[in-house]
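Novice: If you want the building blocks of each chain, they are given just below.
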Amino acid sequence: MFKKRDVAIISAATAKCGERWESGIKDLVWEAGVKALDDAGISGKDVEYMVVGNMSGGMFVGQEHIGALVADFLGLNPIPSLRVEAACASGGIAFSQGYMAVASGLYDIVAVGGVEKMTDVDTDQATSVLSGAMDFEWEAYFGATFPGLYALMATRYLHDFNVRREILAKVAVKNHYHGSLNPLAHFRNRITEEEALTAPMVAYPLRKYDCSPISDGAAAAILAPLEIAKKYTDTPILVEACVPATDTLSLLKRRDICTVDATVNAARKAFQLSGRERRDIDVMEVHDCFTIAELLAIEDMGFCKKGEAGKLYEEGQTYADGSLPVNTDGGLKAAGHPVGATGVKQISELVKQLRGQAEKGRQVSGAEVGLAHNVGGSGATAVVTILSRRS
Amino acid sequence: MKVGIVGYGAYVPKWRIGAEAIAEIWGQDADQIKSGLGVKEKSVPSLDEDTATIAVEAARNAIRRAKGIKLGEIGAIYVGSESHPYAVKPTAVTVAEAVGLTPHVTAADTEFACKAGTAGIQACLGLVRGGYMKYGMAIGADTSQSAPGDALEYTAAAGGAAYIIGAKEILAEVEGTHSYTQDVPDFWRREGSAFPRHAGRFTGEPAYFEHVLKCSESLMEELGTKAEDYDYAVFHMPNGKFPLKAASILGFDVKKVLPGLVVQRIGNTYSGSSMLGLAAVLDQAKEGDRIFMTSYGSGAGSDSFSFVVTDLLRERAELAPPVEYYIQRGSRVPYSVYAKYKKLYRSG
Amino acid sequence: MSTSAAPAHWRRMRERYRLTGSKCETCGRTYFPSTRVCPNCRRKGKVVPIEFSGRGKVYSYTVIHSAPKMMSQFTPYAVALVQLDEGPKVLSQVVDCDPDKLEIGMEVEACFRKLFEQDEGGIISYGFKFRPLDDSWRKYYRK
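Protein chains in written order, with the working numbering: chain R, 1 to 391; chain W, 1 to 348; chain P, 1 to 143.
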């Protein structure tokens with residue numbers, strides 16, 4: 001009977017997110033990849049297998065074959081290296097595949113990367129490329145934009161659960177606050193609730209600060225079997241569970257547009273596999289592509305009842321010093337959303353938090369268990385990962 | 001074999017622009033223009049409306065009134081317009097696909113300025129009466145071009161009407177039709193030109209009136225009818241004055257013309273003009289009423305028709321919105337929005 | 001959106017023009033978009049095409065202010081999830097309506113409109129949109 005091995009993260013790193021004019025894909029993967037290898041004290045020769053998350057190198061920079069590209073430019077040939085894609089969940093899916101490679105026993109040292117270079121094309125084209133994450137034929141074709149889909153969720157949510165519009169603004173304010181303390185974040189500015197509520201409208205009711213930006217970025221994590229992790233780090237981070245799930249591609253086919261069933265299913269299985277309770281989670285990285293998404297995710301993962309996540313924000317509980325810290329790096333909104341990299345960037349932030357290495361003001365005191373939640377499209381893919389510190 | 005209208009439908013877009021808004025831009029006297037043209041506002045298509053979308057809405061209404069008709073038995077579809085969305089690729093195929101007539105159907109677009117639609121009616125009469133098919137559909141629909149600052153800008157409007165011609169369950173029988181055509185350069189638009197040009201006052205007597213009057217007189221002579229025999233008269237409406245003048249010369253009482261005189265409140269819908277006027281009349285005509293109609297297309301020519309209403313019209317008319325509904329739901333936009341909807345702005 | 005994909009425009013044309021989907025004659029459920037297999041009955045289901053009535057209610061809505069180039073001339077425009085009377089939801093725009101007047105539960109009916117043009121010389125794509133349901137026209141015949 002085959003028994004899967006325990007897997008640990010031995011190092012993780014994130015490249016600075018933002019408009020990285022001087023850096024292309026090759027430069028971004030170098031920045032994150034080399035740091036991850038150095039932190040683990042390994043050289044390229046030690047890596048046996050690599051999975052890279054990237055949504056659309058082809059449409060952003062005319063570059064496919066990203067797996068081979070990363071292996072080449074990190075000096076990792078001839079190892080197997082492939083790209084996986086699940087729109088904005090590409091990074092989370094890449095992590096899940098890397099995890100499976102080690103858990104299966106086929107590989108020991110596995111590298112997981114995520115990279116997206118979005119700013120070579122103009123905003124208009126970037127938005128067009130991102131619309132590939134929805135159902136092109138029945139959503140994009142009819143005039144839906146990506147913010148538009150989440151706006152449809154927001155309109156219904158605010159209506160059904162009688163939630164104040166200000167709650168969405170509080171999500172943005174909190175994430176910008178955390179981002180201001182994170183040197184690697186895309187946006188370092190703090191914003192006020194007033195600014196969030198009066199910013200230009202993107203897709204009613206979502207305004208500029210409700211929407212994550214177009215960013216360049218990369219992140220990397222190195223995985224190893226737990227039993228040998230101590231050779232590489234004093235603080236291995238155990239992967240207690242990493243569970244992907246899917247739901248309908250289009251919003252119109254969903255059972256309930258205010259619930260991302262993919263998140264519900266992934267989270268339920270992740271908590272079941274890890275044996276953890278919701279209250280065990282000390283810090284979370286949640287997919288806030290739009291402010292509404294952060295609220296729905298907290299509810300869908302079972303931290304509170306549907307419609308009630310707003311209470312946490314009224315009370316400031318999701319700040320780093322609160323009872324349920326969410327997106328301590330600034331989330332997608334402020335830290336940035338280089339699409340294919342985001343899922344790995346979230347893992348990297350959790351590793352930092354669980355090792356007590358985050359900047360003051362955004363470090364969650366005594367964090368031991370973390371959760372990452374990464375979503376693709378309007379909820380067609382979700383990946384929930386639970387990590388814990390092993391000293 | 002009796003043939004006639006077995007279904008009819010109209011559509012006019014919701015937006016309007018008043019003469020005042022146009023006059024203000026060009027520094028003209030709105031009151032003088034309104035009284036001179038007999039038009040107070042005109043219909044404007046939304047940015048996402050065009051001749052094809054207007055034609056589809058009108059066609060769907062016509063099918064509703066031809067209750068029980070088997071779509072597969074409509075063997076022809078003709079769409080007449082001066083603003084076909086494509087120069088090559090007929091509006092008719094889009095309409096045919098949208099209302100469910102494909103694939104065993106003949107289709108083509110027609111052009112003859114404002115009488116392109118009535119030419120289609122005549123083609124359908126021939127095909128049905130000749131026994132080639134059970135039903136044919138003819139549509140006149142337009143979004144109507146006019147150069148900014150030109151007098152046409154006050155009247156060139158958007159709208160359309162669809163007619164299904166057949167020999168069974170007739171709502172209004174066609175007693176006869178006559179056409180009168182000559183080469184007259186009164187109003188034209190060259191391929192590739194955005195706006196039409198016209199020859200000013202030359203468009204009156206030698207163009208509109210010559211053809212409308214001669215054609216009408218010829219049909220009545222052929223049928224042995226006189227103006228007094230008719231309960232309604234519809235003429236092409238380039239403005240609110242010409243049709244009244246033509247009616248008066250031919251001996252039609254003004255009361256018979258007013259029900260169809262939609263131009264006063266929605267403008268001149270070019271290929272849709274007389275066909276919308278006819279639809280407005282059918283919305284109220286009773287069994288036994290006789291209707292006279294003469295269209296006019298610049299270039300130039302007229303098609304005249306004589307209709308007799310049957311006992312089926314009243315119950316079928318109620319199955320789709322009347323022209324009056326489309327007229328009344330109008331909502332005004334300022335010139336800036338009008339210019340955006342009509343794509344008068346040039347960018348890049 | 002790819003610019004010269006004529007086959008892609010044509011492939012779903014009939015469904016876009018006539019708002020068609022599928023109905024499973026075995027269990028009675030209707031689906032949009034069309035499906036070859038009934039998700040409920042699987043292989044036991046007999047699936048046939050259905051043309052929806054076009055009537056429905058607004059399930060949720062948004063107003064798009066920022067859109068890609070092909071759609072930017074239309075902004076701001078309303079997009080809604082409409083729950084058709086027959087059950088399935090569809091996504092499209094709401095027209096002939098002030099965006100400020102949109103409401104969840106508003107009754108709408110399908111209409112035929114232009115979706116977009118590839119570019120100035122390109123294919124024009126048409127399909128269904130929705131407008132507020134207005135049966136007031138019936139009163140004109142009551143006189």
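Quick caveat, the hints were computed from the structure, so don't treat them as lab data.
In this text the structure is predicted, and so the values were computed from the model without any measurement.
Cβ coordinates follow ideal geometry from the N, Cα and C atoms, glycine included.
Some hints here could point you the wrong way.
With beta-carbon atoms standing in for the labels, derived distance ranges [unchecked claim]: (1) P:S34 x W:K226: 25 to 33 angstroms; (2) W:M1 x P:K69: 39 to 47 angstroms; (3) P:E107 x R:T192: 55 to 63 angstroms; (4) P:K69 x W:S193: 24 to 32 angstroms; (5) P:N40 x R:D122: 27 to 35 angstroms.
Straight-line distance between alpha carbons at most 25 angstroms, and here's what the computed BS3-like set of lysine-lysine pairs gives [unchecked claim]: (6) W:K286 x P:K69; (7) P:K46 x R:K253; (8) R:K208 x P:K46; (9) R:K4 x R:K253; (10) W:K70 x W:K14; (11) W:K40 x W:K286; (12) P:K114 x W:K14.
Computed footprint of chain P on chain W; a stretch qualifies when at least three of its residues, placed anywhere within it, have a C-beta under 8 angstroms from a C-beta of chain P [stated by the list, open to error]: (13) 4-10; (14) 181-190.
Novice: Against the structure shown, which of the earlier numbered hints fail to hold, in ascending order?
Specialist: 1, 2, 3, 5, 6, 8, 9, 10, 11, 13 and 14
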